[in-house]
Amino acid sequence: MRQQNSPTLLNHYSAWKYVLLIVTVMVMLFSALPTFFGEDAAVQISPEAQLKVNPLELHQLLISNGISVKRIDQSQGDTLVVLGDNSQQSQLKTLLTSQVNDPSKLTLTLAPAAPNWLLYLGFSPIKLGLDLRGGVQFLLDVEIEPVYKLHYSTFVDSVRQFVRTSDLYGVAVQYQVDGSVNITTKDLQQRAAIRDFVSQQYPNWQMSNSGERGLSLDISDAEKINIRNLTVTQNLQIMRSRIEQLGITEAVVQRQGEHRIRIELPGVQDPAAAKSVIGATASLAFYQVKQAGSVNAKTLKDEQGEPVYVARRPVLGGEHIVDARASLGEMGLPEVVIHLDRDGGRMMSDFSRDNIGKPMATSYSEYSRDDNGQIRQTTEVISVATIQAQLGDRFSITGAGDYDEAQQLALLLRAGSMTAPVTIVEERTIGPSLGEENITNGFSALALGMGVTLLFMGLWYRRLGWIANVALMANMILIFGLMALIPGAVLTLPGIAGLVLTVGMAVDTNVLIFERIKDKLKEGRSFAHAIDRGFDSAFSTIVDANFTTMITAVVLYAIGNGPIQGFALTLGLGLLTSMFTGIFASRALVNWVYGRDFSRNVKV
Amino acid sequence: MNIINRQNLKSLSTLTKARYLSSLASLLIMLSSIAIILVNGFNWGLDFTGGVVTEVKIDPKIKSEQISQLLGQGSAQEVSVISAGEPGRWVLRYAKVDNAATGDIKTVLAPLTNDVEVLNSSIVGPQIGQELAEQGGLALLAAMLCILAYLSFRFEWRLASGALLALFHDVIFVLAFFSLTQMEFNLTILAAVLAILGYSLNDSIVIADRVREVLIAKPKMATDEICSSAVKATFSRTMVTSGTTLFTVGALWIMGGAPLQGFSIAMFLGIMIGTLSSISVGTCLPELLKVKAEHYEVTPISDTP
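Residue numbers (our numbering), protein chains in the order written: chain E, 1 to 604; chain X, 1 to 305.
Heads up, a few of these hints could be off.
Below, a sample of chain X positions facing chain E; criterion: calculated Cβ distance under 10 Å [what the hints assert, rightly or not]:
#, residue
1, A35
2, V124
3, G125
4, P126
5, A163
6, F177
7, L180
8, Q182
9, M183
10, L187
11, L190
The set of hints was computed from the structure by calculation and includes no laboratory data.
C-beta: ideal position from N, C-alpha, C; glycine also.
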């Protein structure tokens, strides 16, 4: 290399740029490191679980049961059992059940295997998608129609009530099948009175005159969206609390689209248990029992299929339930103790005061989807009990079956009562061994692709090739570092495919520049000048060429589902980082090493 | 850019002939691809049709007929049992979601064996499948429109049309391959098709950039020579980048395992055909549309020394 003073400062990067580059790469390296150590499956025993044995005994016990334990940590009462073999997680949990007083406080979790000092710096491993970790994923559909129906029927009742109390004779209020309410009146005064009432009491309803004295009413579109959002949000909350009861820390519960909820349960191998908790949408309602043939009665069936005649409207719906617990009652019969909110308590108290000595029915409804995809509601009367005294906000019901069934019912009720039926429309299970297999395959493909590319670039461009190679390695560090840093970024199997693709395409930036440099050298420029012109003239082409791939990555991310989003993420991030390393980092290296080389006839 | 000598001109004219020939080939490929897709259709995967797919590992001695017979008994619909690479590993596929299909596969297979390992299972409702198909089509359309907008903003329409035709050509070819072989077309393949969209343009744009540059630098040069010299100038870049990308996608094909097989095949074909089309139809269409230096006169010339 020849040192020569150039009239202008050609190929010069100021010191701060080098500092920026080095700091960026170092930070990303630290951020990427924990991922390479991976994560170990673990079971967390919280203090409330009350572990019956000390850690030493526990260790002995687990070893004798053929479970490979990496370590047992105890801090602030929490005990963490870290496994050496990730596939033994559920086995370990089952074993631990007998060693604690409250098995529901055992949590499946993951412990980073990276050294502590890295974790203290706040770095964590990349989150892996279900296709790499194994687990179950559900997509739930929240049916909004029944909620709308409820709003319609409350509205119709309320208007009818108004008509009755205001003595508006001859007014007919009808609920149409197409989902709107029609009112026919006898004269315009009646219509005006109803209009006043509706606009005061139900400002979210749209009204339009129909015919001479008719009115057509419907929930406004904005209010419909509002109702839908509220319903989905409520269901999200309910699902979260239900999932919490399953004891999986890393579970994801997210809204997807207008009325779907996606649930990811990593580490769960048996979907059946999770399904019974998630899938069942139960709601309780309490009815006044009527005589057979009464006017305002509807028929429900009890467990034996015998009809029970109840009032059309329930006294109280399950949405007022605050807590529900299974216990054994005075007679040794299993019962569910229910705790109501204030409104519910008042309603129940009013009703029971007036109906002491009369029977009250408790119905249990479950929603499922039939073969044609239609929602089917099955309602069963689980108990008919005589009201012995005025009930408050705390009372118990019996007749739910044996103790286990009572417990299951309590769990469902505790998690909340569904105002909208929810059905599972998609279910995916990935076994843990397949997850491991996917990781191994994906990363060996990455290693092979990377190796071949590095070798090829080194041989093809020789002097400049190693610069491209350093840039490529920096690129990988940046992608891994960013994936670990970005909240919500998940690495999936298609994501690894995106990484592999990025390796192949990232060198393009350098190839474009190097080819330009070659061109300029052929034109007889010195190496340093060729470098300067080469980088400049390739820049707009690089941006143009990367921009279109960026468009597809963004579109894929916006529209795709989980695994595809993973692909879009690595592809998009890869484009950004490859621009950074291909243009900025490799320029810095080239400037530093060849920037002052003014010799001509250089072969690259 | 220096004076082009006679030797250069001669090689340029052979290159021009090669471009014309390959364009003809590309045109044929496109037409037959469309015909293949129209005739064969696609073997839509579970993601789009809905249904149940379960992959299990059982005793290798059990034959596929035994399994399908057993599964057929429990369900009113046809069940396909496909070998998944190694012995004893099977993919069981139901077209519809019903109780027999969603029930526990271990109990269904119990009469044959008790040692069943469920590797993965997917249950997709018919509604979801349809939605995913719609979303996929939407994604393809949205990406195309965005790219169209970008190209028309960045390039003159004659030059942009070449890149667009090349892109259409590549996507149609890969789709036709999946139609012809009846390999499963699922969401991952769709992602690959979209990635090909981006990649194909990548090549075309690099060449179009060059064409534009030469057009501005040498307004007097014949259009076919401009295109050929642009192809020639970018040729080694095209080969190197396509080469490295093919290496890595090839690595994915060999090592990536069954779930990424379709994806890597689609990408591999897409990159190969994308490289070809960027040289053939990508440059020949603008030529046919008579792209000229005047179309770029407004651009200030700053690059020429």
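Note to self: Can you verify the interface hint for Q182(X): is its Cβ closer than 10 Å to any Cβ in chain E?
What the structure shows: violated (22 Å)
- Item | Evaluation of the interface hint that places V124(X) against chain E, nearest CB under 10 Å | With a closest approach of 5 Å, the V124(X) hint holds.
- Message: A closest beta-carbon separation below 10 Å is what the hint needs, so does F177(X) meet it against chain E?
- Response: With Cβ-Cβ at 18 Å, over 10 Å, it is violated.
Problem set entry | Restraint satisfaction for P126(X) [CB to CB of chain E, less than 10 Å] | Holds: closest Cβ of chain E sits about 7 Å from P126(X), inside 10 Å.
Chain E contact restraint on L187(X) - CB to CB distance below 10 Å
Hint holds; L187(X) Cβ to chain E Cβ min 6 Å, cut 10 Å.
Hinted contact A35(X) with chain E - closest CB pair below 10 Å:
violated (27 Å)
query: Does the nearest C-beta of chain E fall within a distance shorter than 10 Å of the C-beta of M183(X)?
result: Constraint on M183(X) not satisfied, violated at 16 Å.
Let me know if the C-beta of G125(X) comes in closer than 10 Å to any C-beta of chain E, holds or violated. holds (4 Å)
- Query: When the nearest CB of chain E is found for A163(X), is that gap smaller than 10 Å?
  - Reply: OK, holds: A163(X) within 10 Å of chain E, min 9 Å.
> Does L190(X) pass the interface check with chain E, least Cβ-Cβ distance below 10 Å?
Replying inline: Hint holds; L190(X) Cβ to chain E Cβ min 8 Å, cut 10 Å.
Chain E contact restraint on L180(X) - CB to CB distance below 10 Å
violated (23 Å)
The structure is inconsistent with the numbered hints 1, 6, 7, 8 and 9, although it conforms to all the rest.
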